[in-house]
Structures are given as structure tokens and as C-alpha cells.
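Single-letter residue listing:
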Amino acid sequence: MNTHQIQTSALIPKPSIVAACVMLLGFLSCDQPFDPRAALDQQMVLYALLSNDREAQYVRVEQNYMPQGADPNQDTSNTALPDVIVTLKESARLYRFRDTVLSRPDTSRYRSPMQMYVLSPFIPEHGKAYDVLAQSRSFGMAYASVVIPTAPTLDIAVSASGILQNPISHGPRELVQFSAQLSLLAKGYIARLYLYYDVLKGSEWVEERIELPLGTWKTDPNNFGLDMLYYPQMTASPATGLIGANFTNGFLQSIIKQLTTVQYLNNKIVYKWAVFAVLQADQNLFDYYTSIQEYRDPRSIRLDEPTYSKVNGGLGFAGAYTLDSLLVVLPENFPGNRQ
Amino acid sequence: MRMRHSHRAALLSLFLLLGLCMLDAQTSDIYGVVSDSVTKQRIPFANVTVISTNRGAASNNVGFYLIPKLPPGTYELSASVIGFVRVVKSVTVRPGQSIEMNFLLPPTTIESKEVLVSGTRKSLELERSTSVHVLEKQDIKMIPVTAQQDLLQALKILPGIVSTSDVSSRFYVRGGAGDQNLFLFDGIRIYNPFHALGIFSVFNPNVVDNVEVYTGAFPPGFGGRLSSVVNIMTRDGRADRISARANVNLLSMEAEVEGPAIENSSWFLDVRRSLSSQTFNRIVGEDIPVSFFDGTFKMSLQPSGVQKFNLTILSSGDNLLSRDPDQPDYSWRNAGISISGTDLPTDRLFVQWQVYGSSYSATRDSKISTTITPASTSVKHYGIRTSATVYTGPKDLYYFGFEFASPALDYSFFNRIGTQQDIQSTFFEASAWARYQADIGDLQIDAGVHAELAPLLEGGQAWREIQPRLNLNYLAIGTWRVKASYGRFTQRMLTVGNEDDIISIFDAWIKVPSNLPPEQADHYVLGVSGYLTEETSLSLEGYHKHYGSLVVFNQDKILPSDPDYVQGKGNSDGVELMLRSRSSVIDLYGAYSLSWVKIDNEGLVYYPRYDRRHHINLMAIAHLVKGLNATLKWEFGSGFPFSETVGYFNRLTLDNGLPGRFELETGPPYMMLGEKNAARLPGYHRLDASVSYELNLAGFEIAVGADLLNLYDQKNIFYFDRTTGQRVNMLPFFPSVTLTVKR
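Protein chains in written order, with the numbering used here: chain A, 2 to 340; chain B, 30 to 772.
Looking at chain B on its own, in the form it has when it is part of the complex:
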């Protein structure tokens, strides 16, 4: 009887499957890529819609789209994205026959009678998820900068991102430490993406197409960091002709060449190097002889419509060579390479694969210094990554993928008692993920799991290593969406150093000590977003981030055998409000963050150095006349925590006291600090302005720009040297100019 039932069920399933296939055979898919008609570069996040229906799709991060299961008929498809002319094509769908339909969109700089699309390019991406921001090259260019445009400096206007100084592009996301941010440059992991004390990043905005910034609850596919992901995608070179561009500003000069190579290919080479350390000296207020260079090369090959191969190479270097023999020299290098490809091997299965490697090394040469010791560190990280998207239906998608990597970390240094140490660790990282997106009425579900396989195989705990990721999004009223997200994350490597250092020039990475579990955090996000008017959007998000495991100093270390680090905990809570208004005349942007971060070091609960209670960013970008833009930006941040000096006492060192006359030692003064980080520095505020003008002159595209930073010369405190009593302020009023010539 039971057998008969099971046979019946199997037959029924088979019929259902056949029926579904037959139904499928009656429908067809339309897929393709959306590209720039001039440069042939793929355009991510473009909207492809089937006119007069409610069907459509957004191109993914490499410009690919697929609209599955369209019934037979003749349709009009439109592809649109900000900055490009909308293109409409007619297509006839026949049963069971997939159609490749590629779009070439002319950029709006080309004269056209077509309607220009001025809607936001990344709205679909943003509407679906919490805690994600997408910046494009145009966004980055509009932000007033210190001497030269910088990607990471630009990110600081986003809510939830805090920087502790003007002179550092390092940042802290929603209460996370600086080493909890994952930087991906075309998939290459960059471990120390900073130039010149961190004033600028190695990411040249001119090679960037778009940047996804996940400030919390990031989706499956991203792992290994607790706080954020900065996923940078570079642009392609021009495929139509050779083009060159040169830029000079007070800090650096830059040259770029690009063009086609063989058929269906393009490349670009962008190199940049510092001009003079005089500008640095003005920025940081000290004579710091910094020099840097970076270069990016990319080659793209598109043999057929969907297939594409990329080669990206990044190299950067910094030297901080002091003329004083007592002051150490620093140098650090980044290098990375990525070979990637995309394909549609079967219907509805889009695959992206990548082989990558990155290297970071840094040295500190103490020269003749007796107080500073030499040190060196390096990270080598090689891996492969594959992800696939399965377009199963008009309302649902599957993603899955895996990544294998092998980071090798090395840190050589002299510790405080003068013993040379060499900490080496090479380990295996393997992760896999699956993700499902579906629309059920007004509810969008994005659910998945990210599994850290290597720790699981080594006996890691399943609750920690199998990490759920969930994002729900409900269209409540009109354009207003209610969103909720959750994710669990772990991190196995961290930077060492004194967490209270003001500027960390020398960042060394180590594996989490073997006596401790990996760092781990859970993110909970609840938000609402929508449009106040057709042009004005508002987003409000609240988050709670629980650090179940952090690596913190062992305050009770006494014996040499006692561990340096112990397991700590932490909590970060906050609310973020973002308001944007776009028009052809003026763009307005406002962001406010209210946050609390607390670290619990075995009962000692304190605010970390980057805990900022209130943070406001206001920006207005006026498009005055064609080619002329002006930006005004104001930032306010409440003061960062610090520990007050509550006195000194003469602390005996007992250097000659065992045995001896301990009582005759004067003892050096020892500074007593009050409750850890219980006091606050003064608040920070600054007004910046910039103007840029683009014109065509004798066949050259010329852009001139001027930036006026800290217009009212606010004296924002950078740090206070307690040993000298000297207060050091951040950037004073700082004007700079830039000139770009392109042909």
C-alpha cells in the first residue's frame, strides 16, 4: 500500500514537472547586456523594462540582465539609466526560443533628441536592501576634497561612516573597528588601501565605475569582516578610440591612456604620483616627507554579447622618509591582480568567476633611533571565486557560489622588552553561499546563508560558521517600504597595535590568536524608505550590532604565559536618517547619524575611540550652467571619547631593588588616566566648497576645479600631545586647484 502511494506521488511529481516544462516551453527569455554606445563599457544597474507590462529587470553589476518566461508576442523593450539616453527596441518572442537583446546606450553628452533619463541609476539596488549605498564616479567628483579627489574620503558623507580626523581616509562603520572593513577592488582584497598616513586612498576615483558600500547586514557572498564591505568596480577603457587624460593638482599628477586593443577589447592605464610633500605638510601641519605612486591597468575582452573577460592590475607604493636620522622611515606597497570572466553557459544560469591575488607589505626602518624598533609585515592573499545566478522565474532568483583563498600573514617586530618576534600564519579560507530572492506580492524576500567551510572542517561551531543572512522588504504605502535585515559575520584576522593610537602608520595583520574564537557579530537592521516628493527620497534606519566575540587586550596579564588578548564583547546601536533631493538645477543631500558603541573588556565597559554620538552631513550641489557645478558641504560631529588625565605618581621600577634599596628610587612619573574614554573632545564642524567647470576647447575636454576646505577656518582638534602640552588641530582653511585635460 505504501509502495503504491509513493509510486503515485512520484508519477504526480513527474507530471507536474513535465507540465511546468511544457508551460516553460511556451515562454521565452530575453537576455543581454547594457553597454555604453561610445566606450562599449557595460552599464550596471540599468533598468530594462518590457513596455506596457509590469515585467522588467535591472542589469547586474556587470551589465547583464535576463527577463525570463515571457509569453510569445511582440514587445517593446526599453533600457534606461541615468546619464544615458533611453533606448527602445522591438522584439518578437517565439515559443521556447531565448533571445539575446543587447543595448547600446548613448551617453547624454552626445546630442540627441531622445528623452534623457534623470532618475536615479541605482534605485532598484537601494530599494531592495538596508544598509547599502552605491556611489558612482559622478557622485565622488562632486564632493569637495583635500587637494585631490578620493574615493574613501567621499564615502565619509554616508551615514554610519565615521572618520576620526580630516587627515585620514580610514573610517569606522557603525561602531566597528578600522580593521573590520573589507576592501574589494575588482574582487582583489586590499589590506591597507591608504596613501600618505591615510590622507588618501589608493583607489583613484577616475578608474572607478561604481562602489557598493554595505554598512551592515551584507548579503551572502561577502564574509570575513564584521562591519562593512566596500566593493569597488572599475570601469572599462574606451573601445572606440585612443584617448588620453592628464590631471595635475597641488598634491599629485596623473596620466591616463585608454583605447581599443584587438577587436572587441579595450584597455586603460592610469598612473599617479605625488608631486611635492609641501602640500602634505600644510595638510597635517608637520614636516612629513611623504611620497606615493599608484597605477591601475585593465584590459577587457568581449568576444560575444554576454561573455566578457577582464584583467585588472593594481600597484601602489608609499614612502615616508624622514631626514632626521632619529626618526624612522616607513614604506608600504600594495599589489593586486585579478582575472575574471562572465558567461551564460546554459539558459538562465549566469556565471561570474575570478582568480585573484593581492600582496601588501610594509617596513619600518628605525635608522639610528633608540626608542623605535624596526618592523616589517606582509599579507599575501590568493584565491578563486565563482558565483552563479539562476533566473528561475519572473519574480525569483537564486544565487550560489564559493570562494577558496589562502592568506599568508607575516609580522616581524621587536616587542617592548626588545625581543624580536616573527609571527607567521598561513591558513585556508573556504566559503560557500546560497541566496534566494523572491517577490511575493508587495513583499520582497532576500534570504540566504553564508558558510565558512574551512573553520567548520577544523571543528568550528556550526552556529558561528553557518551564517544566516536575511533581508525583507515590504511595500507598505505608495513608495514607502519597510525593511528588515539580519546577518551573522565572523572575522579571523585583525590588525595589531595600540587601539588608542591617533594615526597608525604601520598596520600589521595577524590571525586571531589560537586561544580565542574568531571575532563574531550579529547585525539587526530595521528601516523605512520612500519618496516625500517625486524628487526627494528619505531613508530611516535603526540598527543593533552585537559583537559576540572581539579580541581585546588582557588587562589581567601578569605572567609571561598569560595571553596578550582575551575575548571581549560589544554592542553598537544607532539610527540613521538620509534625505536626498535631485533635480536638474540642484541636488541636496543630508544625513544624520545617532549612535552608541560600547566595548566590554571582561567587565571594563568603555566607548571606543571612534564612538561619535551625533554626526551630520549636509551637501548641496548646484548645476549652475552647463558644465559649471558648485558644491557646498557642511559636516558636524560630536566629540570623540578620550580618557582624562587625573594625576601623576612616581612609579617605582625596582630596577635595582631585587635585592637592593628600593626606597631610594625616585621613580619616573606615571600618568594616571580617569575612567577609560569617559570624557569627550570638543565637537567637530567644517564647511567646504568646490567649483568645477568643464569645457571643450580646440578638441580638448578641459576641467578646472577649485576646492575651499574649512571655509571659516574652524580649529577642530586632532590630538593633544600630553607629553608636550601641544594641541594639534586638523586641517586649517585649505584652498586647492585642479586641472584636467582630456582628448
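Here chain A stands alone, though its shape is the one from the complex:
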């Protein structure tokens, strides 16, 4: 027989005991302080991007920081590290950077000039490996290795030369085709096509350039309007290094029309060159750039925001790129020329 009725009044706490317990718990109640910030994990932040398209190479060396408040943008204390010896090592050669100051283009947060280190004149050579070293008395040493890609071989299709000589006489859907044999040291590339022109502004001829888009987000394949455009992006190099780059003549036509009949309708204008430029990125630059650009993966479903650094003993990155180009001289009777 399942009768489980027993007297359990002894189990019932007396009201005074309950009240005492509640008071005790109330006493325990408190707003426990909480701060998600730990002590600053002090690190050197090194940025170096060697390139062959200029004669001065810059290295920025900073420190990380912990703002007083929650908004780090409110922290305007200078983060540059002035006491650093920055060197570039190539085989047995050692180049020392000197400190310099550049004016800051964006003064919305920091107002002080930008302190950094410069090596000039210096152009890194294709195919060579360099070590960037930063030695600080207070932060120790940070270093990273970069490899400059070898020079690519650039080529233009015969048909593309014909189109560039007189785009108006060709159909808008015809392709201006280029190809390149990239360095096998390059992990990423951007292949761009620029149109260079001189325009007379007042009494002075000014050189300008405009980049040709790859396409438009508009779905109409016959629409070559100059809105909702997309341009070449950093792309991983193929294993063979052989790439093709195709630009649509319709956009070239639209650009010429826009410049000649709208933007510079009342100016003299002379189209000079079409320049096929290929930027080759080394492994460090490519990895850093794609990670901060959300992997440039249109299929990605990731929502997190990781960072990437290959600087030993610090943060930031050191990388390299080369910029090489193929120039096509445009004829004097190029459509739209007004001298």
C-alpha cells in the first residue's frame, strides 16, 4: 500500500528563521564591481609596407594602449614610439631608418603630426628577401620578414591594342584583354587599367587618370552606365601565376563620353596612355589584407572579426608589393581629344 503521508511539520522552518535568512541574503546582495578590462598587455605595433613604386620606404612603430573610458576614439594620447631603432636587413646589408614626421591628413582624432621612420632613397628589388627589425629600449625587439615578388611579364592582346587606338569604332561588348605571368612569390594581385589624360584647367595642363571598372552591379548586360560599378580587387594568385584581365570597351566608351561631353565639356583634353598596372602582394600583405577585408569571400557566412599578424614580438604587419605596368600610347586622333 503506497501511503506516504507523514507528519513533517518539523521540517517547516519557523517564520523568524525564514526572515533571518532573507535578511542575510539581502545583506549578501550587492552590486559586484565588474570591469572587463585587464591590465594593458603592452606590445609594439609595427607597420611596414615595402614597395617598388616609390623611393622612400616608411615604417610606423607604435604602442598599443588602454583608454581611460570605454570609447577608444576618445583616447588621443600619442601612440608613436620614438625611441626605436628600425633597420632593414638584406643578406649582409643593413639599412637604418631615420625618424621623421609627416603631417597628418586626418586630424579628427589625433592632432599631432605623425611620427615614423623612413629609409630614403631606397627601392626594394624584385625577388629579394628583407627583414624589418624594430628595437626599442622599453618594448624589446619586433621583426618580420618580407619577400619582394619578382617582376611579372605583362602582355596585351592584339585585339586590345586595336580597341585602345579607337574605342568608338568597336562594339561596346568587345573586351580589352591583357595577360600577365605573375611572380611565383606573389600570393595575391590586383590588375587594373587606367586611362591617363591631360586636361587644361585655366592656363595649366594637369595630368589626371581614371580607372576602368570591371563591371556594374546592374543586371542589364548592355548597361555600361557609370554607376554601381565594381573594380578589381585583391585576388589570390593562381598556382601557375598566369592570369588574364579583361575590361569591357563599353565602359571605356562611357568614360570618354563622360569626360569629353560632361565633366570637361569646356576644357581642352588630350588622352595620352592606357596603363595596365599589376600590383603583386607578398604572402604577409595578402593574408593581412584579406583578413581585414572579411576574407573577400562572397560566400562567407562568418560573422566574427579576427585579426592577423605575422610580426614576431609585436602586432601589426610587415609586407611588400610590387607595382609594374604596361603602357599603351594613345594616338593623337584619339576620339575626344581637344587640343
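Since the hints were made in silico from the structure, they are not lab data. All values derive from a computational prediction rather than experimental measurement. Some hints could be false.
For lysine to aspartate or glutamate, the following EDC-like pairs were computed, each having C-alpha atoms within a straight-line distance of at most 16 Å [as the list claims (entries may be wrong)]: (1) K705(B) - D42(A); (2) K311(A) - E129(B); (3) K744(B) - D36(A); (4) K118(B) - E129(B).
Quick list of simulated restraints, FRET-style, between CB atoms [unchecked claim]: (5) T399(B) - N167(A): 40 to 46 Å; (6) L328(A) - F443(B): 24 to 30 Å; (7) D394(B) - R210(A): 22 to 28 Å; (8) D100(A) - N685(B): 19 to 25 Å; (9) I495(B) - A130(A): 50 to 56 Å.
Okay, the calculated bits of chain A under chain B, using three or more residues with CB under 8 Å as the criterion [claimed, not checked]: (10) 71-77; (11) 111-121; (12) 157-170; (13) 266-272.
Cβ coordinates follow ideal geometry from the N, Cα and C atoms, glycine included.
Could you slot chain B onto chain A? The hints should help.
Frame of chain A; chain B shown alone:
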């Protein structure tokens, strides 16, 4: 010679079989259903015993019992279960003649001179297995609640179940992620069973009869999830008369009608909708305009004693419509239907079958926001399921069954670089299982296998898809049982999102990426349980859960072609202690969990956000006078892990640097986090109280209740907004009242 031997063996086998049949012909079976005498609803887990013998059976989850192979004679059978008057019937068993003996038990609310049964209703179910809990409607009603009773909030008192906040009924079981829990509502799979940011679930406790919660090593028949099964069985409507009930609380109003339809049938309709978002605003501490509704309809038909057919329909919807055009609007819907039946087509073979379908859809409307993108997701899941129980002998049972289903998942969204994606996957699920239960002396064996057939046919590995399940139970000393369980589980779909999100409003399901194997886990459980006194039970369980395969973020993703996710591993270990004492005056409940969870993401080992080292739940329910109950509940949880901020640096984006003057870019601040989840939030504790009083007034059954949550106004941290420095606490002191009128 060999032929002669084989003939002899065959003859011997035949004789043995005939002999067994003749022996069987000398015995008979007694079977039937146990039902509520008033509502005619079937009563699961009732004890049916043959008095003066050691024979008996427990009714199954649909109230059916079968006692096989009783020798001829006259017996007295008793059926008993908590909340009902015990009924005794006399029966004469004749050789080879099965007898149907149905029991109608009067509920204890009806005056009766019979002895009331106050023993635990689900003791048999609990005693046999590890890691299983059964909650009934009465249990759920006793737990202090935030404005309105909720099934999933109530489950949080069970050991091994962790919730990361007061304002979410989402939970994590024994170190498993939130998407590793299988929710079944009368067999319908519910993919997002949450209302209003997850503060409440769509499961209205008033339509629930009982809930089985498997926190580990669940038996064959359940699959597709790694961590837990919440198997909700709804009640039937009243079969005796039309009845109506209305409830109003600070959050919602509810109406319910039930009664008989045609002969031997009953139905109920329960609808609920939110009243005002003001209460939500108090709960979450922000102006969040939430509204929701849900409704459940059930019709039951019982043409003969054992046969029964059910139709269940569930519908729910939520809207979170912000007045700010910069803030997105969210809406999500659940719908489900199930048609099921039970029958005894041949002697000792009890069959349950079911056809079901469910649908979940959610949308995020970004309106004019420039930072939040629109998205939508849906899951459609249709299937059939059949299971059979073979009552082979007084001490052993066989179960077998199969399930075919076809989930269709769709997720449309804009990724971080602004490209619209539409991930669709439809796949076929087929599973079959077999299970054998036997008593050998004091040892109870429950062994079986669950096979995921569809992956096997697609070339899946047998060791992963043919999943053993084992549960051993040995009566050691007195009432003390030693138990051990093992099970292997796989999961083929998961929710996407940032695993560190504090509240996930928008849950999208996808299939495990094709480059990865399904998620897989092995559960090992060892436990001991028994009675300290006649009224006080104690259960102690230790578990080890090994995640052989988990889907984790690919930390080394660089190239667009690199996968988003890679295969991770994990381990979860813990000890759970549960103490219960029941009496007519006071019920006491205490649970303590000690656990560790670690995820290994290709060498990066960390505690997930829901890893809680210590968790205590204490509850006392006093039955002060007839109809008046008071509950006091205290919960403590040690702090959850988080990653500390260890600094900022200005990270260059190189937006204009290729080629260009990279060195002139200031760079936006980038927050540096310390070791992943290595620090801990402050601990959590809260005291709740509730009082309820039921009375009859002018023919109406009236219930009034008051809940006082967070009595001492503990400031438990919910989250800390690092971008603003604002600390947001969980529920403050929160009183609420509820009124129910029934006729």
C-alpha cells in the same frame, strides 16, 4: 553425418519452440490502458501491479500497460499513480486468453474514501535510467516565474541545465551548445521554441501533460542532436463536459476551451497572446516592443480501449517591431501538425505511429539601417515515425522503430562584405532503432542501437552512424541502485551566428558544411541513486562527454576558398547531485552541478561562453493549507567565462594603400582580447518566492498567484557593453500576479 546432426538440431529447436508455445498457451496476458475517470485522458507512468505477486508493469507514455504470461487464476490488479485514487480490480485469467483490463482512476480532487497515492509517479522511469528527468504539469506550476509560467524556464532547475541569463529560456545541457537540444512537442520537431528574445518558450505549460528531459545518453529512438532531448507530451481535452478557462497575468492573456466532440473523443483549444510590451521592458530593462501569440489544438479519439488517435496543431508567432527606423524589425513563426495513433495489432505488440510536419521561419527587416542587413531563414521538416514494443516476457521487452524525414533549410542573408547569400539544403533523414530491456536478477539491462541509415547509404562511416546505446542498472543495497550509461550521437544541422553573441534573436539553421563530418559525441554516465529515507531520494551522477567532431570557426581562414568552418573537438565533464524530499506538508528539492567544458579549435582550447563551474538550485514548496502553496527558490551559479580586454591598437585597413600612402592612415581602434574566455564574470544568485491559492467560488475554480522574483534585488550582470562601458544587469526585483478562472 553432418546432415544428421543438423536435422537433429533443427528437430530439437522445433520441439523447444513448440514446448515454449505450449507453455505460453498455459499463460495469459493482461493489458489495457490507465485513464483519468473524469477527463478520460490516458495516464502515463502509472503502476499496475498484480497484488500478492511480484508481477506488475508501468503504463507507457500513452497510458498503455501489458503484463505478459500470467498463470491461470484469479488475481487482484491495482493501478496507482500520484494525484489519483488507487483502483483495485479482480480478474480471472484462463489459459491462452488475453484479457483487456482498463482502469479509470478518479483524481484526488474528487472526494473519496479510497487511499490516496502520494508516491512519485515517475519513479519507475527514473529508477531505470541515468540522465532522465520527468516533469509534470504540477511540477512546472510550483516554480516561481517571470510573469507567466513557462516550461523551459522550469527545466532550468534540473541539474546539468545551464542558462546564461534570466531573460532567456534557452539553455545548455552538460556542456552542449544551444542548438544541440532536440525539442519534440507531441513528436513535432520545433526548431526555435522561443518567444520574445527567448524570455519564454512557445510551450504553454497548461497544455502539457508531462515532459521527459534526457540530459545525456538518451535511448535509441532519439537521434540527430548531441546533448539533450526535451520530449513534451500534451494532455487530452476533457471527455466528460465542456470546460473553459481564462488566465491573465502581467504579460499575457490566455483562453482555453475543451470538451467532448463525438463519442469517445475530446478536444481542446488553447490560445495565448501578449498584452503589453511594458512588462518586457521591465524584464530586459530596455524598450523592446515585443508581441507574441501561440495556440495549441488537440483532438483525441479513442474508438476502443487500446486504440487511440490524436491530432495536434501548434502555431506561434513573434514580432519585435521597433519604432526606430534605424533599428531592424524581427518576426518569427512556428507551426506544426502531428497525426498519431496507437494500437495493439497482435498480442504483445504495441504500435505507435505518427505523421508530422513542422515549419519555422524568421525574418529580419533592416528598414533604413545602414549597419544591419536584411535576412530570412526557414526550416521545413516533414516525417513519419513508427515504434513498436514487443512484450516478450515478464522481465523483458523489445522496442524497434524507424523514422523518415526530409528537413529543408533555407538561409538568406548579406555577409560581411555585403554579398547576398542564399544557402539552401534539403536532405533525407532515415533512422532505425532496436532496443532490448531485460531484468536479470538485480541487474536491469537496457541495450540497443540507433542507426542513421541515410548517411550510411551515402557512404557515411559505420562507427559513426551505427550508434550503440547502453544503460545498466544494478540494485546494490536496499533501494540503492548503481547505474551506467553510454551512447553515441550525431548531428547534421546547426545554427549559425557568432558563438559569443549574448542574445541571439535571429537563429538560422544550416546543414553541417559538406567539407566536414557531422558533429558527433559520446556520452558516458555513471550514477548512483536511492532513498535516504522513505521520503527522501538522492541521485548522484558523473558524466564524461567527448565531442569527437564539432563545427568551429576556421581561425586560419585567409583565402576566399578557405572554409569558414573546420572540425573541432571538445570535452565536457561533470558531477550532478540531486536531493528530493516529498511530503504532504513540504517538498524540498536541491541540485548541485560541478562541470567543466572545453572546446578545442585546432589547438586553441577554451571554455565556451556557457561553461559554469558550480550551479546550485534549492527549492522548498510548502503546502500550507488546502489549495494554498508557497514556494521559495534560490539559485547560485558561478560566473561564466569571457575574454578580457587587454588593450587597443590602431589597425590599418589599407583602404587606400594599394598602391598609396599606407603610412598616413590613422587606422580605427581594434580591441585586443586576452586569452579566449579565460576570465570569469561575477557569480549569479537570486531568491524567488511564489504563493498560489486555489478555491471554488460560485461554481468557478479560481486560482490566484503572486510571484516575487529576485527578492533581495541582486544585481546579476547580464552583459557589459564594451563600446559604451555600460553594464546591463539581469532581472531586478520583479513582482507579478496571475489570475486563472475555470469552469
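Tested hints:
For the proposed pair K705(B) and D42(A), the alpha carbon gap of about 14 Å is at most 16 Å, so the pair holds. Distance check on the hinted pair: K311(A) and E129(B) sit about 77 Å apart at the alpha-carbon level, beyond 16 Å; violated. Note on K744(B) and D36(A): the hinted pairing holds, with a Cα-Cα distance of about 15 Å set against a maximum of 16 Å. Straight-line distance between C-alpha atoms of K118(B) and E129(B) comes to about 12 Å, which keeps the hinted pair within the 16 Å bound.
A hinted range of 40 to 46 Å holds for the C-beta pair T399(B) and N167(A), which are about 43 Å apart. In this structure the hint that L328(A) and F443(B) lie 24 to 30 Å apart at CB is violated, the actual value being about 39 Å. Range check, D394(B) to R210(A): about 42 Å between beta-carbon atoms, so the 22 to 28 Å window is missed. The given range of 19 to 25 Å is respected by D100(A) and N685(B), whose C-beta atoms sit roughly 24 Å from each other.
Checking the proposed 50 to 56 Å range against I495(B) and A130(A) shows it holds: the Cβ atoms sit about 54 Å from each other. Counting residues of the stretch 71-77 of chain A whose CB falls under 8 Å from any CB of chain B gives 5; the rule of at least 3 is met. Chain B is given as covering the stretch 111-121 of chain A, and this holds because 3 residues of the stretch bring a CB closer than 8 Å to a CB of that chain, at least three being needed. As drawn, the stretch 157-170 of chain A meets chain B at 0 residues by the rule of a beta-carbon pair under 8 Å; below three, the given contact is violated.
Counting residues of the stretch 266-272 of chain A whose C-beta lies closer than 8 Å to any C-beta of chain B gives 0; at least three are required, and the coverage claim is violated.
The structure fails to meet hints 2, 6, 7, 12, 13 from the earlier list, while all remaining hints are met.
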